Amino acid sequence: MATRFIFTAESAEFPSANFPQLVPVNSTERRMALAFDASTDESAMWTAIAPQGWTGTITAIISYVMASATSGTVGFQIAVEAITSGDAVDLDATTSYDTVNNSASTTVPGTAGYMAQISITLTNNDSSAAADLLRFKLNRDADGSAITDNATGDACVLALEIRDGA
Amino acid sequence: MAIRFDASGDYLERTTNLPTTVWTFTAWVYLTTDSGNPSTVIMVYGNGNYCYMQTNEGAGVTTQLKVGFWNGSSGWDTGYHDIGTGAWHFVAGVRNGGTIRFYYAAVGDAGVTATTAATGLTGTATPTNIRIACDDGGTTTWNGRVCYMKLWSGVELNQADIDAEYLRILPHYTDSLNGWYPTFPGATERARDYSGNAHDWTENGTLTDEQEPPVSWGASSITLPFVSTVPVSTLFRRTESDRIGSRS
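Chains A and B, in that order, give the protein sequences. Heads up, the first sequence is in our numbering, so the first residue is 1 and it goes up one at a time. Heads up, the second sequence is in our numbering, so the first residue is 167 and it goes up one at a time.
Hints in this document: simulated from the structure, not taken from any laboratory. Some clues are possibly wrong.
Pairs of lysine to any residue residues, derived as SDA-like cross-links and limited to a Cα-Cα distance of at most 25 angstroms, are as follows [stated by the list, open to error]:
| # | chain 1 | residue 1 | chain 2 | residue 2 |
| --- | --- | --- | --- | --- |
| 1 | A | K137 | B | D359 |
| 2 | A | K137 | A | A166 |
| 3 | A | K137 | A | T84 |
| 4 | A | K137 | B | D200 |
| 5 | A | K137 | A | L91 |
| 6 | A | K137 | B | G202 |
| 7 | A | K137 | A | G86 |
| 8 | A | K137 | B | A272 |
| 9 | A | K137 | A | T28 |
| 10 | A | K137 | B | T199 |
| 11 | A | K137 | B | S342 |
| 12 | A | K137 | B | G175 |
| 13 | A | K137 | B | T198 |
| 14 | A | K137 | A | P109 |
| 15 | A | K137 | B | S361 |
| 16 | A | K137 | A | L158 |
| 17 | A | K137 | B | D366 |
| 18 | A | K137 | A | D92 |
| 19 | A | K137 | B | A330 |
| 20 | A | K137 | B | D302 |
| 21 | A | K137 | B | A353 |
| 22 | A | K137 | A | G153 |
| 23 | A | K137 | B | Y339 |
| 24 | A | K137 | B | L343 |
| 25 | A | K137 | B | G286 |
| 26 | A | K137 | A | T94 |
| 27 | A | K137 | A | P24 |
| 28 | A | K137 | B | G264 |
| 29 | A | K137 | A | A88 |
| 30 | A | K137 | A | Q117 |
| 31 | A | K137 | A | T47 |
| 32 | A | K137 | A | D90 |
| 33 | A | K137 | B | S382 |
| 34 | A | K137 | B | S201 |
| 35 | A | K137 | B | Y211 |
| 36 | A | K137 | B | A291 |
| 37 | A | K137 | A | E161 |
| 38 | A | K137 | A | N18 |
| 39 | A | K137 | B | T251 |
Predicted, not measured: the structure shown is a model, and the values here were computed from it.
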């Protein structure tokens, strides 16, 4: 696997509603993170161009810390939108994400603030190919509609790494 | 996050290193409750130098937000925009000498809209105070949220510059940045200046923090170059036939 993109909290894009807060998780060191709520699903997005040589299995690695929880589980979802030149998708008016890819229901670290990583195989990647305009939408399944997510407090995402099969 | 002012004596204030007759101020604002009276976003005053951004008052126009100047008897010569309650708006006030202009944008707008400028501003001395969320009398208070404030001194940003500031928390134009307030949550933090000038606000009243607007910090993502994993021996292997004059 090869790392293709590293998305940070500071480069996130947000929908008009239900988005994670951009907060520093350390008052002196100021590590910026996206604080995903524990009860309401919230989303953030990142845009990229699929590089030449884009191939194989696409995997997302989410680096996160819990703001306060020391038990329970979290679940994240990633949807991928891949737009090829000439596609009949009016980007002014709509989106065309593929079916979401769910993480496992993952037990959080036993100490709040300890970093852990969750891997999601992006099987549904909208048939992405080199040169496609990509958008990755990260969502915490806080309401547990698809993944058991019962850890309390915010899940603070520090970075999102995207790898392909190269 | 955003600072919540509850219109009961809450405001931010600075009294040092204030801009005089050329400045630009931008912020995101959210009016939670319309009092029916003027509500101040920012007021610059002192030493005869007065101007402020404020909702207007009057029948049917209580949520019109615009920049104007007070000349002792009347004001409100700039264009205005009806912001209503319960929605975020980006606002900008730009003064250059006797002229002041107001810009605005709502969430999702492609860019800011310029309004008719006001002219004839007087007052050239350095003001004594800048206040956020109330006026010099401690009234006309803002009942809502304010965040992501930026202040330039000696700089009149144009519309394209202000468009760039509208789209991100990070200042795009950094020359002559007098104050940059990303309004991180918590006491002291919400009033802290991150421009490097230490022009922190002084908090007055009981300020809290609430949800901010959907604005990106404005940093870039990292894309890594493709690196071949083909073995070097395969790439650079020579054969006898490559050599000039070689025998097979």
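Each hint tested on the structure:
1. A:K137 with B:D359: violated (32 angstroms)
2. A:K137 with A:A166: Holds. K137 (chain A) to A166 (chain A) sits at ~23 angstroms (cutoff 25 angstroms).
3. A:K137 with A:T84: holds (18 angstroms)
4. A:K137 with B:D200: violated (36 angstroms)
5. A:K137 with A:L91: holds (15 angstroms)
6. A:K137 with B:G202: violated (41 angstroms)
7. A:K137 with A:G86: Measuring from Cα to Cα gives roughly 22 angstroms; hence the hint holds.
8. A:K137 with B:A272: holds (23 angstroms)
9. A:K137 with A:T28: violated (30 angstroms)
10. A:K137 with B:T199: violated (34 angstroms)
11. A:K137 with B:S342: violated (37 angstroms)
12. A:K137 with B:G175: violated (41 angstroms)
13. A:K137 with B:T198: violated (30 angstroms)
14. A:K137 with A:P109: holds (24 angstroms)
15. A:K137 with B:S361: violated (32 angstroms)
16. A:K137 with A:L158: Roughly 15 angstroms separates the two Cα atoms, so the pair holds.
17. A:K137 with B:D366: Given pair K137 (chain A), D366 (chain B) is violated - Cα atoms ~36 angstroms apart, limit 25 angstroms.
18. A:K137 with A:D92: Roughly 17 angstroms separates the two Cα atoms, so the pair holds.
19. A:K137 with B:A330: holds (24 angstroms)
20. A:K137 with B:D302: violated (46 angstroms)
21. A:K137 with B:A353: Outside the cut-off at roughly 33 angstroms; violated.
22. A:K137 with A:G153: Status holds; Cα separation ~21 angstroms.
23. A:K137 with B:Y339: violated (29 angstroms)
24. A:K137 with B:L343: violated (34 angstroms)
25. A:K137 with B:G286: It is violated: about 50 angstroms lies between the C-alpha atoms, which goes past 25 angstroms.
26. A:K137 with A:T94: holds (14 angstroms)
27. A:K137 with A:P24: holds (21 angstroms)
28. A:K137 with B:G264: It is violated: about 47 angstroms lies between the C-alpha atoms, which goes past 25 angstroms.
29. A:K137 with A:A88: holds (21 angstroms)
30. A:K137 with A:Q117: holds (17 angstroms)
31. A:K137 with A:T47: holds (9 angstroms)
32. A:K137 with A:D90: Distance ~18 angstroms between K137 (chain A) and D90 (chain A) Cα, so the pair holds.
33. A:K137 with B:S382: Distance of about 14 angstroms is within 25 angstroms: holds.
34. A:K137 with B:S201: Not satisfied, since the Cα-Cα distance of roughly 39 angstroms exceeds 25 angstroms.
35. A:K137 with B:Y211: Violated. K137 (chain A) to Y211 (chain B) sits at ~46 angstroms, over the 25 angstroms cutoff.
36. A:K137 with B:A291: violated (51 angstroms)
37. A:K137 with A:E161: holds (13 angstroms)
38. A:K137 with A:N18: holds (13 angstroms)
39. A:K137 with B:T251: violated (30 angstroms)
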